[in-house]
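Asker: So you can see what is in the structure, the chains are spelled out below.
There are 2 protein chains.
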Amino acid sequence: MNDYSPLLETLRQIVGSDNLLRSGDLSAWELDWRRRQRGKALAVVRPANTEEVAAVVRACAAAQVGVVPQGGNTGMVLGSIPDGSGTQIVLSLQRMNRVRVLDAANRTITLDAGCVLQSVQEICADAGFLFPLRMASEGSCTIGGNLGTNAGGTQVVRYGNARELCLGLEVVTPQGAIWDGLTGLRKDNTGYDLRHLLIGSEGTLGVITAAVMKLYPLPRVQLTAFAAVPSLEAAIDLLGLAHEQLDSGLSGFEIMGHFALSLVGRHFPHLRLPLQESKTPYNVLIEYSSQDTEADVHARFESLMTFAMERGYVNDAIVAKSSTQARQLWHVRESIPLAQAQEGLNIKHDIALAASRIAAFVQQTDALLAQAYPGVRLVNYGHLGDGNLHYNVQAPENCDAATFLQENESAVHDLVYGQVARHQGSISAEHGIGSLKRDVLVQYKPPQALAMMRAIKHALDPLNTMNPGRVIQITNNN
Amino acid sequence: MNDYSPLLETLRQIVGSDNLLRSGDLSAWELDWRRRQRGKALAVVRPANTEEVAAVVRACAAAQVGVVPQGGNTGMVLGSIPDGSGTQIVLSLQRMNRVRVLDAANRTITLDAGCVLQSVQEICADAGFLFPLRMASEGSCTIGGNLGTNAGGTQVVRYGNARELCLGLEVVTPQGAIWDGLTGLRKDNTGYDLRHLLIGSEGTLGVITAAVMKLYPLPRVQLTAFAAVPSLEAAIDLLGLAHEQLDSGLSGFEIMGHFALSLVGRHFPHLRLPLQESKTPYNVLIEYSSQDTEADVHARFESLMTFAMERGYVNDAIVAKSSTQARQLWHVRESIPLAQAQEGLNIKHDIALAASRIAAFVQQTDALLAQAYPGVRLVNYGHLGDGNLHYNVQAPENCDAATFLQENESAVHDLVYGQVARHQGSISAEHGIGSLKRDVLVQYKPPQALAMMRAIKHALDPLNTMNPGRVIQITNNN
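Line by line, the protein sequences give chains A and B.
Reading the first sequence from the start, the letters are residues 1 to 478 in this note's numbering.
Reading the second sequence from the start, the letters are residues 479 to 956 in this note's numbering.
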């Protein structure tokens, strides 16, 4: 049994007693966001600045103790809680929440990693800019976590993932050195793109301590609409048409299966579900953002819808008449995961497919699941504009959900991921790998890619102390 | 002295005698684009497909012979020609020029690496799509080279660099394995982003053999304008205003210094230079692309210009009245490098700065150069929308340019790059490092970043056979 007292004493000297937590209720740091797993930390360490992060990482490397970087702890894949051994440090970035610089001329903002997403959105809006990363957990998640996991959300069709919004990083390396890459440049071809390597590496190659992020003009007009579509094929056709006619004005394109929406109706009866009389298998939510006049925007959208109806892509549509009504439409979409949780446990898949493959994938997979699990219910919704479906499997109506999951979760994953692989899709579109999908990844990622990942992890973190066991497993050579 | 006959015989068996070139005029592969350096190849190898590339790379790895991947050989930094030793293989991808798939629903095109950029633009336009990568060398450069160097060009302000246009790669690893990452997904958070690591690595981590690239709708209306601005500060203000009012409609924003334009007038007197009566220190070329009507686009642009003139950002402006006139305006801009070459040898810098730093950088650096080299002439132009200046130094008028370069090139580089570093800029915005800037890079890149680059290079290419000596120097451990 290791004696951790010298390390703990060193950490106490670095961050102070108040910021080295070992007792009391540590749920906020040890329990995962979906409350499915609880880890046990050797300590929760809360540094105040980058130098303290570097000193903590150096001390842990010297003691060969694993470091689990954590932002808002809102991850979906068990990537930000410690394992159950009580031998890993949680490195919480939450105290580092300063805006360093808002550079209006460069249209960038430089942020500490622990800044909460929603507060960043608000600060930017107050300065007259849009910060376009938007997702359900925005009240808790942090910029560092967003970048560590390359978070997605609802505006990706226009602005890209967290990755595409980032122009530079400050990183503490696994050896505890500080790399300052906070340049904010839009072009920089000076060697390997370490920024993109760190983004999405889920804390396994270093700790992101700050970032330079892009800002955009606030749209003058935003139009939000619901459209009932006769099929998934029609939704894809509508997406193509919307791209062609609205180009980058298309800022949101969400799909909601009939059953997914019906759960919202069942569990949140106070919410008004639009277009329910049309009983179409799918609805889409479209958001169109523009610098044009209100009249131009409405005219262009109406022409799009008229054309789409003539072609049979759309059966019916309503356009929000106010920003309040627009928020209500988004609220219906965003209530799906909550309604689904109310309905009971379910088997989640966060998958991505090429637009040209989606309809065939869903048709085949729906059929295979119905055949294998009679009465199974499919909650299918997500960011269709990015080819990203949350394709979730709910137990049959009169079946105990917990038992169904216990007996079938693994086989259902196999069936769905096998189909994803057949259609050259991704088994994790926006949630990442963490420890939840680490072993599944090995089955579906090409072996050449896994070999490169292992070589990189080993080269940059040879002691395997940075978020060990997440994303990719390597053996310690030391 | 090594005996290369067994390797050459193996390569001949892989690609056939016709595609193993050892004699005759090999200038196309051995001489660099700017005709400043000539290498000597052990052989030029021209594989027909990915399997042949992999076999060639395996054979060279086994013989520990360096492989120099090459597309159109239009690079600016001596990254795609062999060294002078006669011991490196040029691996030309030019025969691999098939379009594999154009997926209209997914808005992607999958291309062999050797496809010539201009032919890709044309194929996409014929299919009703815009492929928005555009640069001076587009008639010769290839997609593989564009990605290997993360090429930039004139549309980056709207569509990003080559990197941002790529959704997947096929790569032959330094060991000669084939990694198929041609998924075409817009979201894929399954481990480290190997795509972004390979893009911009200039062939030092593997050979890009194919890519999936994004397509965009063809703009319905394009408006091109020249504007005379009173200062660089005013140009930056105009850029900010254009972003705010046109948002992603802003598809080009180029700056041209007075002296740069005057060289066009001197060496291409048949070209009509617009706005010359205003004698302002800078002109900008603005391109605005939209799906709106011609009338809307003109109205919005006029309102932008009126506002800009009221604020003093712009002295005078003209808008092209036809696509022919628009091409003429672009032609003036694109003639600057040619006019500069006519004027004589010059010292080139391809730099990037944050928009908020550009004016101060130029003012200070102009002054320092004028002080150190009385009569020196500054050819300053480039992609201001991306903060990318081609800040070139021309010998004083009555001075022998060759002598001036011989005596001062290195000191001028030091002065300019020192200033770039002081303003946290990049010493290579879009051209890359190659062998030309490899030793300079070591002076200006943070040591932590260099250490990570070396570790990655060593991990993925331990024999150092992939484009050895370019970008980053490592020592062979074998």
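Hints may be right or wrong, so weigh each one.
[As the list claims (entries may be wrong)] Once the Cα atoms are required to be at most 25 Å apart in a straight line, the calculated DMTMM-like pairs of lysine to aspartate or glutamate come out as: (1) B:Lys923 <-> A:Asp180; (2) A:Lys445 <-> B:Glu529; (3) B:Lys826 <-> B:Glu887; (4) A:Lys445 <-> B:Glu642; (5) B:Lys923 <-> A:Glu334; (6) B:Lys757 <-> B:Glu812; (7) B:Lys799 <-> A:Asp296; (8) A:Lys321 <-> B:Asp774; (9) A:Lys445 <-> B:Asp658; (10) A:Lys321 <-> B:Asp770; (11) B:Lys923 <-> B:Asp581; (12) A:Lys445 <-> B:Asp581; (13) B:Lys923 <-> A:Glu397; (14) B:Lys923 <-> A:Asp103; (15) B:Lys826 <-> B:Asp844.
Hints in this document: simulated from the structure, not taken from any laboratory.
Computed from a prediction, not measured in an experiment: that's the story for all the values here.
Asker: Each of the hints needs a verdict: does it hold here or not?
Answerer: Hints versus structure:
A threshold of 25 Å between alpha carbons decides the hint, and for B:Lys923 with A:Asp180 the separation of about 10 Å falls inside it, so the pair holds. Note on A:Lys445 and B:Glu529: the hinted pairing holds, with a Cα-Cα distance of about 20 Å set against a maximum of 25 Å. A threshold of 25 Å between alpha carbons decides the hint, and for B:Lys826 with B:Glu887 the separation of about 9 Å falls inside it, so the pair holds. Restraint check for A:Lys445 and B:Glu642: satisfied, since their Cα atoms lie roughly 23 Å apart, inside the 25 Å limit.
The suggested pairing of B:Lys923 with A:Glu334 is violated, with an alpha-carbon distance near 44 Å, which exceeds 25 Å. Restraint check for B:Lys757 and B:Glu812: the C-alpha separation of about 20 Å stays at or below 25 Å, so the hint holds. Our distance criterion of 25 Å between C-alpha atoms is met by B:Lys799 and A:Asp296, whose separation comes to about 24 Å. For the given pair, A:Lys321 sits about 24 Å from B:Asp774 by alpha-carbon distance, which is consistent with the 25 Å threshold.
Under the criterion of a C-alpha separation no larger than 25 Å, the hint pairing A:Lys445 with B:Asp658 is consistent with the structure, at around 10 Å. The hinted pair formed by A:Lys321 and B:Asp770 meets the criterion: a straight-line CA distance of about 23 Å does not exceed 25 Å. Between B:Lys923 and B:Asp581, the direct Cα distance comes to roughly 40 Å. Violation of the 25 Å bound is thereby established for this hinted pair. Only pairs whose Cα atoms come within 25 Å are accepted, and A:Lys445 paired with B:Asp581 is accepted, the gap being roughly 23 Å.
Straight-line distance between C-alpha atoms of B:Lys923 and A:Glu397 comes to about 60 Å, which puts the hinted pair past the 25 Å bound. With a C-alpha separation of about 23 Å, the suggested pairing of B:Lys923 with A:Asp103 holds against the 25 Å cut-off. Using a Cα cut-off of 25 Å, the hinted pair B:Lys826 and B:Asp844 holds, with the two alpha carbons roughly 14 Å apart.
Hint check: violations occur at hints 5, 11, 13; the rest are consistent with the structure.
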